[in-house]
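Visitor: Here is how the chains run, residue by residue.
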Amino acid sequence: MMDLAANIALGFSVAATPTNIFFCFVGVALGTLIGVLPGIGAVATMSMLLPITFHLPPATSLIMLAGIYYGAQYGGSTTAILVKLPGEASSVATVLDGYAMAQKGRAGAALSIAAIASFVAGTIATVLIALFGPAMAALALKFGPVEYFSLMLLGLIASVILASGSVFKAILMIFVGIYLGLVGPDANSPVPRLTFGIPSLAEGINFVALAVGLFGIAEIILNLEQKLARPAAVALRDLFPNREEMRRSIGPTLRGTAIGSVLGVLPGGGALLASFGAYAIEKKLSKNPEEFGHGAVEGVAAPESANNAGAQTSFVPLLTLGVPSNAIMAVMAGAMTIQGIAPGPKVMTEHASLFWGMIASMWIGNLLLLVLNLPLVGLWVKLLQAPYRLLYPTILFFCCIGVYSINNSAFDVYLSIVFGVMGYLMIKLGFEPTPLLLGFILGPMMEENLKRAMLLSGGSVAPFWERPISLAMLLCSAALLALLLLPSFSRTRQTALAQD
Amino acid sequence: MRHGPGNNRQGMQVMKLSRLWSSDMLSAAFVIALGLGGLAALGNAEVGTASEMGTGYLPRLITLLVLGGGFALAVLALLRDGEAMPELRGKPLALISLSIAAFAATVDQLGMVVAVVSSTLIASLASTESRWRETILLAGGVALGAVLVFVLGLQMPIPIWPR
Chain A
206 MMDLAANIAL GFSVAATPTN IFFCFVGVAL GTLIGVLPGI GAVATMSMLL PITFHLPPAT
266 SLIMLAGIYY GAQYGGSTTA ILVKLPGEAS SVATVLDGYA MAQKGRAGAA LSIAAIASFV
326 AGTIATVLIA LFGPAMAALA LKFGPVEYFS LMLLGLIASV ILASGSVFKA ILMIFVGIYL
386 GLVGPDANSP VPRLTFGIPS LAEGINFVAL AVGLFGIAEI ILNLEQKLAR PAAVALRDLF
446 PNREEMRRSI GPTLRGTAIG SVLGVLPGGG ALLASFGAYA IEKKLSKNPE EFGHGAVEGV
506 AAPESANNAG AQTSFVPLLT LGVPSNAIMA VMAGAMTIQG IAPGPKVMTE HASLFWGMIA
566 SMWIGNLLLL VLNLPLVGLW VKLLQAPYRL LYPTILFFCC IGVYSINNSA FDVYLSIVFG
626 VMGYLMIKLG FEPTPLLLGF ILGPMMEENL KRAMLLSGGS VAPFWERPIS LAMLLCSAAL
686 LALLLLPSFS RTRQTALAQD
Chain B
31 MRHGPGNNRQ GMQVMKLSRL WSSDMLSAAF VIALGLGGLA ALGNAEVGTA SEMGTGYLPR
91 LITLLVLGGG FALAVLALLR DGEAMPELRG KPLALISLSI AAFAATVDQL GMVVAVVSST
151 LIASLASTES RWRETILLAG GVALGAVLVF VLGLQMPIPI WPR
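Line by line, the protein sequences give chains A and B. Going by the numbering used here, the first sequence opens with residue 206, and the numbers climb by one from there. Going by the numbering used here, the second sequence opens with residue 31, and the numbers climb by one from there.
Careful, some of the hints might be misleading.
Selected chain A positions facing chain B (Cβ under 10 Å, derived; list incomplete) [as the list claims (entries may be wrong)]:
| no. | residue |
| --- | --- |
| 1 | P256 |
| 2 | I425 |
| 3 | H499 |
| 4 | M627 |
| 5 | F636 |
| 6 | S665 |
These are calculated hints, taken from the structure and not from any lab test. The beta-carbon is built from N, C-alpha and C at its ideal position, and this holds for glycine as well.
Given only the sequences and the hints, what does the whole structure look like? Please build it.
Guide: And the structure:
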């Protein structure tokens, strides 16, 4: 317990400096903005800003990027409640009851409940990370190449669960991602591989070009094909929930936090899975399940607390095991690598102030969101009315400059066009981009661990099932695959992921 | 949009044609194209054995898996009725690509202002809602902001005007 207090104190000493509070604020404000605006998501924004974070100290840059992530969720739930438009996928579950509440004139109450539930969840999740993070890092230090390989395999297969659409297509995209990740340098060879002889590819495919292309440019093209509906915002009356609404939110918030915290840590987990899970469980537990979908306050508190808790605990696998569990964490991994910090169990020991500073900043960021954003709701709603014809050329400029500036390379900008077109085709044809991005990040790590494992065992694959931790993870992977192939599960998964 | 099996002969022919020109078939072609691209990039990279993997071992394995997956998708597309061909509209795709290419082609030599203005003007053509006067103001505004923040503020090595 002494350690815990000392660690949290260290964290706040890092996160509460004026510079870091300022960048935390910039992050959450920017995140709220893109969460509110249609047609641009957290993955694309964080990728574009990676080159700028290069100019900042490591802790500051990660604090700002993390702020964008949970700020975007906050903004996403604001639009979910007010205009039935989930800005981010993780607020899809909030639309159901949040918008119904707004139609009943309880928009302000729904917004407040969402903010308070998020804050409570964020606070509890912060403590949980501080409690269990070190234990996980200690476990990870015992991992050899065999365990790491199996863990990453599990992570990749788990990412398929979240992919909407065909499981088979998602698995193919993992392969494509791994392949793209292998382009360029190879530890065992002086000659770069898979480059078509293009010198600009010798250092590998630029992560920012890939992420901005798949998530930013493709999205713009898709939005231009269809007319974006712009429903009128609901009028805001009083901002405060009444006593009854508060009372009914306590249980769902705590349960949502618990569900979100657990689902966030799982490979492939994060905010999205957590919000759906919590919503479904509240509906099951409720004495009046028929109220759900018609403005039940539980249906706002549960997914909002769960997605925030899940967002925070999904940092745990990245920071302790070095394995990103979703696309956002893949971007965070990219940011850490740019700063010269290898994600993994050593972050906690070798960069203790960074680790604890980030954890503490999440709490500060949630506080900032609660204090600053509720009064600013009117401003965000105005921004939502900004016409897309003015927005997309501006977003496109940020895409270009972000990709260009990472290596001052026009080649990378051309490359982002290739990935933009590829991302457009993928979405049109029902291939999810997230498994590709995870494969891209995990591919080179998996190859390295596989090579080492095979070298140690003299070409035998036996250690993969002879070592207990590895065996457990392989069994989990197999069970997940089997589950994905079950028709009843796949139907549930389709309906859960297709509620837009 | 699912096509039910046809009742008359004409219907049967339409159905078979729709299987060749369907979303599933385009998906298969997309994956096979990626696989072939991967195979082409492989060149003569050394493969090695499982215990001593060469630089090309894993890439080759993955390429073969992707190609196999692509052919499996093609077979499935022939065997069952799937979704119809998605509507692919070339205009936004081409104009947005061209707009980014304009930025990439000009930024090093002709500088930030030319790059931003040209890419913004081309991008605005992609939307039917764009208005000329607004677009010109927008291009000027973004160019000004870009110069202030990225060239003067962050000191990025991009010239403001053509060098």
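Visitor: For every hint, state whether the structure bears it out.
Guide: Results for each hint:
no. : hint : in the structure
1   : P256 : holds (9 Å)
2   : I425 : holds (6 Å)
3   : H499 : violated (32 Å)
4   : M627 : holds (8 Å)
5   : F636 : holds (7 Å)
6   : S665 : holds (8 Å)
Of the numbered hints stated above, the single one contradicted by the structure is hint 3.
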